[in-house]
Amino acid sequence: MISTPPAEADTAGVAEDALISIIDDDDSLRAALVGLVRSLGYRASSYPNAEDFLAAEDAGRSAAIVTDIQMPGLSGIELKHRLVADGCTAPVIMITARVEPGLRERAIESGALCVLRKPFAAEALIDCLERALAK
Amino acid sequence: MVTGPEQSAEQALRESEYRYRNLFQAMAASFWELDFKPVGGMLRELRGQGVKDYAAYFAENPAFVRAMMQATRVIDVNEQTIALFGRGDKAEMLQALDVYWPDESNHVYAGSVLAAVGGKASYAAECKLRKLNGDVFDALFTACFAPEAVADGRLLIGVIDISERVQAQTMLRQVQADFAHAARVSMLGELTASIAHEVNQPLAAIATNASAGLRWLDRAEPDVAEVRALTQRIIADAQRAADIIARIRAMAGHRTPETETLTVNSVVEEAMLFLAHELQAHQVSLLLKLTKGAPPVLADRTQLHQVVVNLAVNAMQAMAQTQVRTLTIRTSFDDSGVHISVEDTGPGIKAEDAQRLFESFFTTKSNGLGLGLPICRSIIENYGGTIRVRNLEAGGAAFTVTLPAAR
Numbered sequence: 003m004i005s006t007p008p009a010e011a012d013t014a015g016v017a018e019d020a021l022i023s024i025i026d027d028d029d030s031l032r033a034a035l036v037g038l039v040r041s042l043g044y045r046a047s048s049y050p051n052a053e054d055f056l057a058a059e060d061a062g063r064s065a066a067i068v069t070d071i072q073m074p075g076l077s078g079i080e081l082k083h084r085l086v087a088d089g090c091t092a093p094v095i096m097i098t099a100r101v102e103p104g105l106r107e108r109a110i111e112s113g114a115l116c117v118l119r120k121p122f123a124a125e126a127l128i129d130c131l132e133r134a135l136a137k
Numbered sequence: 004m005v006t007g008p009e010q011s012a013e014q015a016l017r018e019s020e021y022r023y024r025n026l027f028q029a030m031a032a033s034f035w036e037l038d039f040k041p042v043g044g045m046l047r048e049l050r051g052q053g054v055k056d057y058a059a060y061f062a063e064n065p066a067f068v069r070a071m072m073q074a075t076r077v078i079d080v081n082e083q084t085i086a087l088f089g090r091g092d093k094a095e096m097l098q099a100l101d102v103y104w105p106d107e108s109n110h111v112y113a114g115s116v117l118a119a120v121g122g123k124a125s126y127a128a129e130c131k132l133r134k135l136n137g138d139v140f141d142a143l144f145t146a147c148f149a150p151e152a153v154a155d156g157r158l159l160i161g162v163i164d165i166s167e168r169v170q171a172q173t174m175l176r177q178v179q180a181d182f183a184h185a186a187r188v189s190m191l192g193e194l195t196a197s198i199a200h201e202v203n204q205p206l207a208a209i210a211t212n213a214s215a216g217l218r219w220l221d222r223a224e225p226d227v228a229e230v231r232a233l234t235q236r237i238i239a240d241a242q243r244a245a246d247i248i249a250r251i252r253a254m255a256g257h258r259t260p261e262t263e264t265l266t267v268n269s270v271v272e273e274a275m276l277f278l279a280h281e282l283q284a285h286q287v288s289l290l291l292k293l294t295k296g297a298p299p300v301l302a303d304r305t306q307l308h309q310v311v312v313n314l315a316v317n318a319m320q321a322m323a324q325t326q327v328r329t330l331t332i333r334t335s336f337d338d339s340g341v342h343i344s345v346e347d348t349g350p351g352i353k354a355e356d357a358q359r360l361f362e363s364f365f366t367t368k369s370n371g372l373g374l375g376l377p378i379c380r381s382i383i384e385n386y387g388g389t390i391r392v393r394n395l396e397a398g399g400a401a402f403t404v405t406l407p408a409a410r
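Chains A and B are the protein sequences, given in the same order. Sequential numbering from 3 applies to the first sequence in the working numbering. Sequential numbering from 4 applies to the second sequence in the working numbering.
Hints in this document: simulated from the structure, not taken from any laboratory. From the three backbone atoms N, C-alpha and C, an ideal C-beta is built for every residue, glycine too. A hint or two may mislead.
[To be verified] Under 7 Å between C-beta atoms, here's a sample of chain A residues computed to sit facing chain B:
no.	residue
1	L38
2	Q72
3	G75
4	L76
5	H83
6	K120
7	A124
8	A126
9	D129
In isolation and in its complexed conformation, chain B is listed as follows (with noise of 0.2 Å):
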């Protein structure tokens, strides 16, 4: 038998069409061919109204992304495809794509978009999809812009199932929640006699100034301006009692933590009411090298406030024996972010002790348990930070925290 190269390449062609269909069944994950020809009309339409930012529009017109979506049809799914969104029957899902596609996950489409017009090779993103029943699943989407297929207005897109790993992530959160809360409270527990002599304080200055008040008024002629006065500071004392119960509040309280932006030196000055006077206690002297201007960090405040408690506490802990008791407590920025630095006269750490001292239960306290520095560790982890140990040349040891700089 003769064959023409005419032949020879249409017989390529089908081959190679074959091998993809294969290969577009036999995926484990769920692939879809979408026919977006309509969305390139549309996306013609706005630079001819002059629309010159994709992104800005896109974002202040959900109805339009919307729109794009319902203009978007899907032409083939595979077997995983149907498994996942579907319920047994192709041809049901072949359909516009806006009812896969929930509100909260326009800026992926919309991303993906712009990542076609901007000429991507690809687009991936993390997002909620919506299978035909109505049920909403966390999802990995990719899109490939092969420019062959892209000029023929076809897409090819992935989707993997990420909601048993996105559960998982949740509970492993939770678990972290629970074990800071846990420390936290026990950490309150070992500062009981600071706080109630924090507490003391104010509420001695206002039963005094109070006393002091009615002895003016009791003279023959009261004086006034002396019990305003005291009248004021018993005011403000009673907001000091009231802001320090505000702040043991959330040490003890259990709520989710929540990343807000911060500075770490007013977060090291607010941890200082936790330690004023354990500090006193242990005849250790505080020397605080607060460096101005860092840039603010992305945290939760209490549990930074743990953070910078339970490293202090540990440091006056180490320096029980040594005849210098100095906790030096500094903070600092550079390229690689925002730092605290807790650093105390002690003996330092021992070198077979390094290795170990973040591990959960390990611990060189006799009535230590060993979980006070791991859960520091995934505090600062968890906001993208690290927390290193290393032995001061002068004596002692420096733990420090480094955090990004929140942009």
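For reference, chain A alone in the conformation it holds in the complex (with noise of 0.2 Å):
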């Protein structure tokens, strides 16, 4: 990405329900990312890189983490290595345009609960978001 927008965080909703964190540095994937989440009755919360998400320091009130593979700095699986020893067990479920050989099972070896490749059907998403929500 050319430029990197500040953070933002999306938390319309109803304040009970589950906050999901969206990491993407595709600004309108992002935004419909946010859409969708909210559209399903969760909060949600959104970063265009993984350091500003690590800043807020909402990784320990998401319920799941919805992250892109490539973006500048930190890459969502080197963002699932860094949950990790930071002992953040939230399910992260991870996108990529990418094809490359490997880097779904790169993802999967992470820890990634599911990984979509884009352009992906919501309803893969909404599935995979419901199975982390009820881990």
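From these two lone chains plus the hints, build me the complex, please.
Next up, the structure:
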């Protein structure tokens, strides 16, 4: 990405409901993911990169984390390693537009619950979210 | 025999005239002697009517320029002229000049009149001229305004047939455009993963937004405001996808290059579309240092995208083995023109390679064809620019494209 907009926290929705954290450097996809999560009745907070997410210290409060794999700075896989090291057990759903061999395996190995390839069907993401929240 | 001074002067004049006639006939180029006396009268009349700016008047009144040609008589031509323009008969060639002059070359006739009026010694221009059989060809036209001849209402012009040269240039441009296209297509092939990513991104957003919209509609009390906001985002994302496709189509397409007025900053920013994801994949950080206020340049937009993308991809590949990977794209301008500089933090260019970098089929890459840089150079030179390479003090190489400022 050429520009990285400041972190935004969208916490509209019902306070009692689960918080889903969304990390993607693409502005429009990030906004779309927030919209989808909210339409499901969950709260959403979103970040353009993993560093901003970690700085916001939302990891511990997140019921699930949806992250892009390739981002400027920490990748989604590196983020997952960091979370594990920090003792954060929130399930992580990874999304990617890349098809390079071995990527999916590395993501699963790092502990990702699901790996979705863009463009993915919203139903697939919803299934993953439901599995994540059932944990 | 006694010869007085008058006789010898007359003889000298005869000899001079004889030499001139011989020269006139012997020249390899087509030469014409014209009588333009009536044109002087026409110009004086214009002045009398208050016309001060002949150039503007000629531009606005092509019929007057045509009338001047009709008033200009061909009084003599050499053998080469008959061979080039005629049908073997000199007499039929001695008529008004305008039959030889297609409308598209009006400005050259007007230009030579203006040069004569302005006291210039000569005038030359490339233009189309017409043969008696109607064929139009590319010619180099020259006119010589010798003061004594002009005072006499006579003018000597020369014509050289340059149609073969013009054809060769046209063919060369075509071949260059073909090569540039082939290189673009091959470059697109290398960038497929990045391009797919750029298209997938808005598609993923559209699918997600639409799905969220359905969910808001399916609620017991549908939330119209949410659906409206989502639908607007869908429209924006669809537009983004369409823009990306249009840019790729321009890169992949094969059309005649079109010179237009461009700002280098917009070209660099547009070229980033092809690179944004490639940079991430190669873990290269990008530094854009774009100077505002640079004058525009004249070039084909897609070809300039191609040059920027090509130099940037080279830079990324050069940094594959280095620890610090920073690509800097800089724009600037000064009296020598407008510059685009693409800098890497790789190992730099070896002295023995520097001379050969722009040669066709020279490559330092295991899978390179060695056509990228020569094509970049031919594109840039086609627009009157230069492309240079140097090593940076801090390490790495810098390729600098300089294009003349459009005025």
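Hint check, K120 of chain A versus chain B [nearest Cβ-Cβ separation less than 7 Å]: holds (4 Å)
Restraint satisfaction for L76 of chain A [CB to CB of chain B, less than 7 Å]: Violated, because the Cβ-Cβ distance from L76 of chain A to chain B comes to roughly 12 Å (cut-off 7 Å).
Hint check: 7 Å Cβ-Cβ cutoff, A126 of chain A to chain B: violated (10 Å)
Interface hint outcome for H83 of chain A [beta carbon to chain B under 7 Å]: Since the shortest Cβ distance to chain B is 17 Å, the answer is violated.
Restraint check, 7 Å cut-off on beta carbons, for L38 of chain A near chain B: Since chain B brings a Cβ to about 4 Å from L38 of chain A, closer than 7 Å, the hint holds.
Hint validity - A124 of chain A Cβ closer than 7 Å to any chain B Cβ: holds (3 Å)
Chain B contact restraint on Q72 of chain A - CB to CB distance below 7 Å: OK, holds: Q72 of chain A within 7 Å of chain B, min 5 Å.
Cut-off 7 Å, beta-carbon criterion: hint that G75 of chain A touches chain B: G75 of chain A check fails; min Cβ-Cβ to chain B is 10 Å, beyond 7 Å.
Restraint check, 7 Å cut-off on beta carbons, for D129 of chain A near chain B: Violated, about 12 Å.
In terms of the numbered hints stated before, the structure departs from hints 3, 4, 5, 8 and 9, listed from lowest to highest.
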